[in-house]
Every structure is written in C-alpha cells, then in structure tokens.
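*Asks:* Protein chains in written order, with UniProt numbering: chain A, 1 to 93; chain B, 1 to 117; chain C, 1 to 163.
Hints listed in this document are in silico derivations from the structure and should not be mistaken for laboratory results.
C-beta: ideal position from N, C-alpha, C; glycine also.
Please note: incorrect hints may appear among the correct ones.
Covered stretches of chain B (chain C as the covering partner; in silico rule of three or more C-beta atoms under 8 Å from a C-beta of chain C) [stated by the list, open to error]:
no.	stretch
1	11-20
2	25-36
3	61-68
4	85-94
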Amino acid sequence: MSVALLAWAVLLAQLLLLAAMGCAVVRLLLGPRAQDRVLALDTLNVNAAMLLLVFGIRTGSSHYFEAALLITLLGFVAMVALAKFLMRGEVIE
Amino acid sequence: MTHAADLPVWAALVVALLLLLGAGLALVGSFGLLRLPGFYERVHAPTLGTTLGIGSVLAASMLFFSLLQTRFVLHEILIAVFMVVTTPVALMLLARAALYRDRVERSGAVPPPPGSR
Amino acid sequence: MRRILPHPLIALGLLLSWLVLAGSASPGAVLLGGAIALAGSWALASLAPPRLRLRRLAVLPGLLRDVLAEVVRSNVAVVRIILGRSVAGTRRPGFVHIPLDMRSPQGLAALACILTATPGTVWVEYDSTEGTMLLHVLDLIDEAEWVRIVKERWERRLMEIFE
Chain A
1 MSVALLAWAV LLAQLLLLAA MGCAVVRLLL GPRAQDRVLA LDTLNVNAAM LLLVFGIRTG
61 SSHYFEAALL ITLLGFVAMV ALAKFLMRGE VIE
Chain B
1 MTHAADLPVW AALVVALLLL LGAGLALVGS FGLLRLPGFY ERVHAPTLGT TLGIGSVLAA
61 SMLFFSLLQT RFVLHEILIA VFMVVTTPVA LMLLARAALY RDRVERSGAV PPPPGSR
Chain C
1 MRRILPHPLI ALGLLLSWLV LAGSASPGAV LLGGAIALAG SWALASLAPP RLRLRRLAVL
61 PGLLRDVLAE VVRSNVAVVR IILGRSVAGT RRPGFVHIPL DMRSPQGLAA LACILTATPG
121 TVWVEYDSTE GTMLLHVLDL IDEAEWVRIV KERWERRLME IFE
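With the rest of the complex left out, here is chain A (with noise of 0.2 Å):
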C-alpha cells in the first residue's frame, strides 16, 4: 500500500519537477535581457536541487543528498559572480 502510493507520488513529482525546469529553460532561452536569463538559470539550479532530493527517496540512497548540497552551494557562488558581472562586466576587480 505505501510502497504504491509513494511510488506513484514521487514519480507524479518528478514530472511536476520536470515541467518547471522546462518553464525555467523556456524562460532562460527567450530572455529578453540577461537578468531574466541569470534568474532563469537560478530557478533551473534549485528545481534541478529539488529532483535530486526526490531521486534521492526514490533510491532510498542518501547519496544524492550531497549532490543536491553541491548544486545549491555551486548555484549560490554562481549568482554572485553573474549578478557582480551584470553590474560592473567584471566578475573580480
């Protein structure tokens, strides 16, 4: 019974997880300007962070929990280095 019922819940939420990064990459290739592409991809990284949390209940493997760790901490330093780019069109000065 909950074997099922998890099943069918986790797999409905990775198509849910899927449709978002579709928006998300939809959005990341109209644009229009860099800002909407920057905060495109940020939305990307965290739904991508979220399916690998529901890949993770899915193996039971507690594993992808250190990938889903790395993406968001990756994504952080990312979006500070693009928002700094957008501002001055260096990312160190």
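With the hints as your guide, set chains B and C onto chain A.
*Replies:* Same frame as chain A, but now just chains B and C:
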C-alpha cells in the same frame, strides 16, 4: 521502491503530500517566471520554490529517512539553513544589478538613484 | 581567549554543521571539524565585521513564528496571482520607498533576508545617508500600508533584538 515497504501508511501519505506540494509550488513558481511580464515581477516567482517548495521537499526527505533508518536525519536541515540564508542574498544582488543596468540605460520606469532626488 | 577564538559562536556552528555533514562524532571528524571551525573564525576575524550585540532574545521565537506564517500566507497569495485569470488587470506592481529608523547593519541584513524570502516582496536597495530602502512589491495596493507593515511587523522587533 521496495526499500519503502516498512514505511507506515500514514507516513507514506504525509511524505507523498509534502512531495507533491513542493513540486507543485516549484512548477507554479517556474510558470510565473514564464507568465509574468517584466523583470521586477518575475523576480518574485522563483521565491515560491525556494521557500515553501524546497522546504516541504526537505521535510518529506527528513521524515522518510528518519523513519526508515530509525534515526533522526539532520542532513536536510543544513540545506534548509543554507537556502534560507543564500537565496535572498542572491535575489537581492540580482535585483540591484538589474536596477543599476536600467538606470544606466534609462529604460523602463525605475526610480532614480538616491542622490538625485 | 579572544585572540585564539575570535568568534566562538560561529566556530561552534561550523563545528556542529561539519559533524552533521560527516554523520559521525568520531575523533577524526571532531579534529577535522575543529580545524575547519578555527580557520573559519580566523577568516571572519580578518574581515573585521562590526561587533554583534544581541539584546532581548525573548522576542526571537515570536518573530520566527511570524516569519513562517507570513511566508506561508504570501506563498498562497503569489500562487493566486500567478494562476489568476488577469495578469495585468487590477494588480499593480511597483516600487515603494520606506524610511527606516534602524541603523544596525546586522538588523538591516536580517530585515532584508526576511523581506526577500517572503514571496511578493524583494528588497532592492538601501541608501545609508538618508536611511531609506527601496522595496519592490508584486501586488502594490497601498504604499502607506506597506510602510506600516514593514515598520510595525518587522522593524520594531528587529530593533529590539539588534539595537
């Protein structure tokens, strides 16, 4: 999903609902990114996923692993704390950068810089 | 003591998060975590942030509860805005200038995080000479109402904690 066979039905139900809530919020946020016009309105959309969205997925993950391994799993709290601290900072920086660019290019209706009022 | 361990709370937090991440409290993990905690607190000390003085921590639990309630409430509000029929109809997004009395940098940082983490409001800019901040609101009905919300709900209590 055979590893979840020991999970009680109530817990499976709660985990399933939390997962669907989180994924649904992420989808609505990303959809808002597509639908809302203008950058400053779009900034608000992903916050859905980064607050309650990832929060409920993390809660589902914590409940799931805590009950299966019969020990309390604290890992997820790290991601939660990290997200709470970093996403506002990143969004603020991005909004400031966008405002700066709009002021330099004098495009759209953005408020003037503080010194010139 | 201050010279060896400049930020004891930060160091303790780093050590604890390392142990949680490693998933064990074996001597090796404690040793490595302790080294990381020391290095982290020294790095922070070399940045020389302004000293943090916390007063009235009794306000904190109520504040956290209200932040959580506000996040849930505004999540629902933003979902309704995004999925609503008319995107450009009655809703009017816009910028609000809000004059702040708080000057403590940590308090301002906490206010910025609270406002940006709640969906529907984003902190955009702070002008330290005039002490005003610029907020972007997704559903701006009444500017005076937003000034009142920010000052009454968040700023007053954050000032009790940080100033």
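*Asks:* State for each hint whether it applies.
*Replies:* Each hint tested on the structure:
1. 11-20: Our answer is that it is violated, as 0 residues pass the Cβ test (under 8 Å) against chain C, missing three.
2. 25-36: holds (count 7)
3. 61-68: violated (count 0)
4. 85-94: holds (count 6)
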